[in-house]
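Turn these sequences into a full structure, and let the hints steer you where they fit.
Residue numbers (my numbering), protein chains in the order written: chain A, 1 to 744; chain B, 745 to 864.
A few of these clues could be false.
BS3-like mimics (lysine-lysine), calculated; alpha carbons at most 30 Å apart, straight line [said to hold, decoys possible]:
hint : chain 1 : residue 1 : chain 2 : residue 2
1    : A       : Lys579    : B       : Lys837
2    : A       : Lys79     : A       : Lys165
3    : A       : Lys579    : A       : Lys422
4    : A       : Lys584    : B       : Lys819
5    : A       : Lys165    : A       : Lys46
6    : A       : Lys646    : A       : Lys561
7    : A       : Lys437    : A       : Lys422
8    : A       : Lys561    : A       : Lys623
9    : B       : Lys837    : A       : Lys516
Over 10 Å on every C-beta distance to chain A, these chain B residues come out as not near it, computed from the model [claimed, not checked]:
hint : residue
10   : Asp780
11   : Ala786
12   : Arg787
13   : Leu814
14   : Pro850
15   : Gln859
These aren't lab readings, by the way, just hints derived from the structure by calculation. Just so you know, even glycine gets a beta-carbon here, dropped at the ideal spot from N, CA and C.
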Amino acid sequence: MTLQKLLTRLILFCVCPLILLSIFLAAYSVLSKQDERNIEASSLAKNVAVAIDQYLQARVSALHMLAESSLVDDPAKWKDFYREAQGFQQGFGSHVILADPQMRMLVNTRAPFGAPLPFLPPSKGRAAAPTALKTGKPAVGDIVFGPVAREPLVAIAVPSLREGKVANLLLTTMATRQFQARLDQVSLPSGWALSLLDGNATAIARRVPPGFNAQTDVDKAGRFVVKSGLSSWSVVLEIPRSIYRQPLIEAGTALAFVIFCAALISLLGGLLVSRRLAKSVASLAEPFAAGTPSPDIAEIAAARRLLDESAQQQRQANAKLQESAEEILCLNDRLRYLIQVIQRLSNTQSLEEIAEAVRTGARQLIGADGATFVLRDQGSCFYMDEDAMTPLWKGSRFPLERCISGWAMLHRETVIIEDVFKDDRIPHDLYRPTFVKSLAIVPIHTQDPYGAIGVYWAKMNRPGGDELLLIQTLADATAIAMENVRSYQELEKRVRERTAELADANLRLQELDRLKSMFIASMSHELRTPLNSIIGFTGIILMGMSGELSAAQRKQLGMVKKSAGHLLELINDVIDVSKIEAGKAELNMETFDIGELIHDVKESFAVIAADKGLRLEWNADGKVEVSSDRRRVRQILVNLVGNAVKFTESGAVAISLSRAGEGVSIKVRDTGVGMQREDMAKLFEAFSRITIQGRPVVEGTGLGLYLSRRIAELLGGDITAESEPGRGSEFTLYLPYQYPEDRT
Amino acid sequence: MKKILVVEDNEQNLYLMQYMLETSGYTVVVALNGTDAVVLAAREKPDLILMDIQLPDLDGLEVTSRIRALEAGGKVVPIVAVTSFAMTGDREKALAAGCNGYIEKPIDPENFLSQIGRYL
Numbered sequence: 001m002t003l004q005k006l007l008t009r010l011i012l013f014c015v016c017p018l019i020l021l022s023i024f025l026a027a028y029s030v031l032s033k034q035d036e037r038n039i040e041a042s043s044l045a046k047n048v049a050v051a052i053d054q055y056l057q058a059r060v061s062a063l064h065m066l067a068e069s070s071l072v073d074d075p076a077k078w079k080d081f082y083r084e085a086q087g088f089q090q091g092f093g094s095h096v097i098l099a100d101p102q103m104r105m106l107v108n109t110r111a112p113f114g115a116p117l118p119f120l121p122p123s124k125g126r127a128a129a130p131t132a133l134k135t136g137k138p139a140v141g142d143i144v145f146g147p148v149a150r151e152p153l154v155a156i157a158v159p160s161l162r163e164g165k166v167a168n169l170l171l172t173t174m175a176t177r178q179f180q181a182r183l184d185q186v187s188l189p190s191g192w193a194l195s196l197l198d199g200n201a202t203a204i205a206r207r208v209p210p211g212f213n214a215q216t217d218v219d220k221a222g223r224f225v226v227k228s229g230l231s232s233w234s235v236v237l238e239i240p241r242s243i244y245r246q247p248l249i250e251a252g253t254a255l256a257f258v259i260f261c262a263a264l265i266s267l268l269g270g271l272l273v274s275r276r277l278a279k280s281v282a283s284l285a286e287p288f289a290a291g292t293p294s295p296d297i298a299e300i301a302a303a304r305r306l307l308d309e310s311a312q313q314q315r316q317a318n319a320k321l322q323e324s325a326e327e328i329l330c331l332n333d334r335l336r337y338l339i340q341v342i343q344r345l346s347n348t349q350s351l352e353e354i355a356e357a358v359r360t361g362a363r364q365l366i367g368a369d370g371a372t373f374v375l376r377d378q379g380s381c382f383y384m385d386e387d388a389m390t391p392l393w394k395g396s397r398f399p400l401e402r403c404i405s406g407w408a409m410l411h412r413e414t415v416i417i418e419d420v421f422k423d424d425r426i427p428h429d430l431y432r433p434t435f436v437k438s439l440a441i442v443p444i445h446t447q448d449p450y451g452a453i454g455v456y457w458a459k460m461n462r463p464g465g466d467e468l469l470l471i472q473t474l475a476d477a478t479a480i481a482m483e484n485v486r487s488y489q490e491l492e493k494r495v496r497e498r499t500a501e502l503a504d505a506n507l508r509l510q511e512l513d514r515l516k517s518m519f520i521a522s523m524s525h526e527l528r529t530p531l532n533s534i535i536g537f538t539g540i541i542l543m544g545m546s547g548e549l550s551a552a553q554r555k556q557l558g559m560v561k562k563s564a565g566h567l568l569e570l571i572n573d574v575i576d577v578s579k580i581e582a583g584k585a586e587l588n589m590e591t592f593d594i595g596e597l598i599h600d601v602k603e604s605f606a607v608i609a610a611d612k613g614l615r616l617e618w619n620a621d622g623k624v625e626v627s628s629d630r631r632r633v634r635q636i637l638v639n640l641v642g643n644a645v646k647f648t649e650s651g652a653v654a655i656s657l658s659r660a661g662e663g664v665s666i667k668v669r670d671t672g673v674g675m676q677r678e679d680m681a682k683l684f685e686a687f688s689r690i691t692i693q694g695r696p697v698v699e700g701t702g703l704g705l706y707l708s709r710r711i712a713e714l715l716g717g718d719i720t721a722e723s724e725p726g727r728g729s730e731f732t733l734y735l736p737y738q739y740p741e742d743r744t
Numbered sequence: 745m746k747k748i749l750v751v752e753d754n755e756q757n758l759y760l761m762q763y764m765l766e767t768s769g770y771t772v773v774v775a776l777n778g779t780d781a782v783v784l785a786a787r788e789k790p791d792l793i794l795m796d797i798q799l800p801d802l803d804g805l806e807v808t809s810r811i812r813a814l815e816a817g818g819k820v821v822p823i824v825a826v827t828s829f830a831m832t833g834d835r836e837k838a839l840a841a842g843c844n845g846y847i848e849k850p851i852d853p854e855n856f857l858s859q860i861g862r863y864l
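In structure tokens, the structure reads:
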């Protein structure tokens, strides 16, 4: 919505109630004017009626006096009466009639005394005489045509009462002309009509404007009727519709015109003002243009000024921003370059590479005419490298005290010299042959400077804060790079030492390994050789090859053989464990029928089982081939079945084979002593011994189950055990069909 | 009478085997090292050679190879390796070298005699 529309609306909203109020006031004024006029009209009518009544009353009173006179009663005195009546007629201008109750005229001033007189004429409406006769009170009659007067008359009749009875009637007749004259005297606003009507509504007198028609021209509201107090007459004031309404129309029209004009003026004025206001406000939104006249509304002019000022400020700010943006762009390029240099520094591995990166980096970074990379070398400054428009001091050494980079390192602060020849710290002789006019030296590593970066200009120059900051950042990065190189070289040295140590240790380990292998081999050989003799000769002797033996000798020699066998078993197990733990166990894979192997094992225990009275059960279930180390599997099975037979005194040892997932599951179940829970926990530990009925079991090597499980694991399988004390144990060997490929 | 060449450097073992075999009615020829063994195998023409693997000069397997090499198309004498090397693969190595059998030490006389009986 535009401001102008809003303002127009506002004006309309303000003007509307005023217009409504004006209309109300106009209507009120018109109505009150109408009321005023109505009051005027009715009081006029009333006045006329009162005047008529006074007129009649005067005559009634006079007639009454005549009626009371004794002259009336005696016809002989009627001549005197006639004279009295003539006096009346002269006074009031109306004739007097005396009539008897039979309506016979006795005396009439209109006629000479004694002239024959007719009866009173009968009236169409309310006649005065009969009414007075009937009521015994004065009465005013309606209009009659006078037979003597030969004109329209109205009569007043007053009874002459004698002893309560009407003896005669006294009448006076008035020509209607008399009333007409009275009405004509009334001052009447033009156009209004005034009538005096009798009880029969016949006009006694009438005053109307020309062309007046009561039927068509007058509304009920324009008709004012006042009844006479003495007679049945009424005074009627009529205001024709046109006259009646005219003031209303005039007032209404004038008011409407005035309201319309007022509304129009306020609307136009409002519109003009609103347009001006809207225009002024709108001009605020337009950009400032030189020569634009200032708005004439003070507040808007102030706003305009403020806007112009802020626009001005904004332009200035924009200009500044533009400037800063350019600076930032320049700085941005430099920062990007700095990052490149720092990245390059971070990849350096020698001081030479650092010097290379720093000299070009420092010069390019701030667009200097030359840059040097100076190292602190004990008491001197070593100008290690440089990048300059003409050579400076590359490769030279100066005492720290005699060069400005030395000063910067010693004082651990940045040096900026705008004019080198005006600074006493500068050895002028050294600078004269060079292009240098201005310089800045930034120490590398502020705490304990390792060196410094120098930047040089051929023209007088003083580096800005940004430029200095860039060079300082470069110096910091250089410090880190130098530390890194130092650490890196240190590290490399240490790595070389450590590698040599490791190689040494590795050699020793290999030697140890070889020794271990040799130990295992020699254990195998050297421990068995004596056993060879023991077992061999005991065997020969027991066979009787060396002569007959006594029973005791046979028994004792049998014990030697058994112990030797046990020892052999122990040695074999220890060697096996050693080999497995050293990762030297060799596996000899082949595909074989596991059922057949179980059968072989079972058969090998047949004799021992039979001796103990045990059942050995094996439910062969067809051919089941596995790919594994047959000898090792046999070793496990011999151990499991051997244990079962060993620890079972009665009942059975049952071996079963079933397929389980990707392999087979061989269960060896016995009805033996079973194991305690605490024994189960260490069942597969090396040299662990279970207890049976409180006594530790000493038979066996203590390595059997440990070895079996290690071998099973080596073959990609596992051994688990379940047991219940007194009820027996069940060992399960799981073997995969195929030895896992990744183990080979 | 069957002749058996026993190649064995350990005196006690040698005595054990010699005593056992002679008592059982075999003629025993003894070689204390590999070199002698090769010579004796060729000269004595034994019916069986019992070959220790670990010998002072030559490896028993090497000796077996040489004997087999010398036989070259002639009569093949059964050679049984007798060893305390009870490692996996030893049996295969022995057979590969030309042995016909493999007996693990320590030997159980009864078992031993019945085994060699099979080669004679």
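We went through each hint and held it up to the structure:
{"no.": "1", "hint": "A:Lys579 to B:Lys837", "in the structure": "holds, 19 Å"}
{"no.": "2", "hint": "A:Lys79 to A:Lys165", "in the structure": "holds, 24 Å"}
{"no.": "3", "hint": "A:Lys579 to A:Lys422", "in the structure": "violated, 87 Å"}
{"no.": "4", "hint": "A:Lys584 to B:Lys819", "in the structure": "violated, 40 Å"}
{"no.": "5", "hint": "A:Lys165 to A:Lys46", "in the structure": "violated, 36 Å"}
{"no.": "6", "hint": "A:Lys646 to A:Lys561", "in the structure": "holds, 19 Å"}
{"no.": "7", "hint": "A:Lys437 to A:Lys422", "in the structure": "holds, 10 Å"}
{"no.": "8", "hint": "A:Lys561 to A:Lys623", "in the structure": "violated, 38 Å"}
{"no.": "9", "hint": "B:Lys837 to A:Lys516", "in the structure": "holds, 22 Å"}
{"no.": "10", "hint": "Asp780", "in the structure": "holds, 20 Å"}
{"no.": "11", "hint": "Ala786", "in the structure": "holds, 28 Å"}
{"no.": "12", "hint": "Arg787", "in the structure": "holds, 28 Å"}
{"no.": "13", "hint": "Leu814", "in the structure": "holds, 28 Å"}
{"no.": "14", "hint": "Pro850", "in the structure": "violated, 4 Å"}
{"no.": "15", "hint": "Gln859", "in the structure": "holds, 13 Å"}
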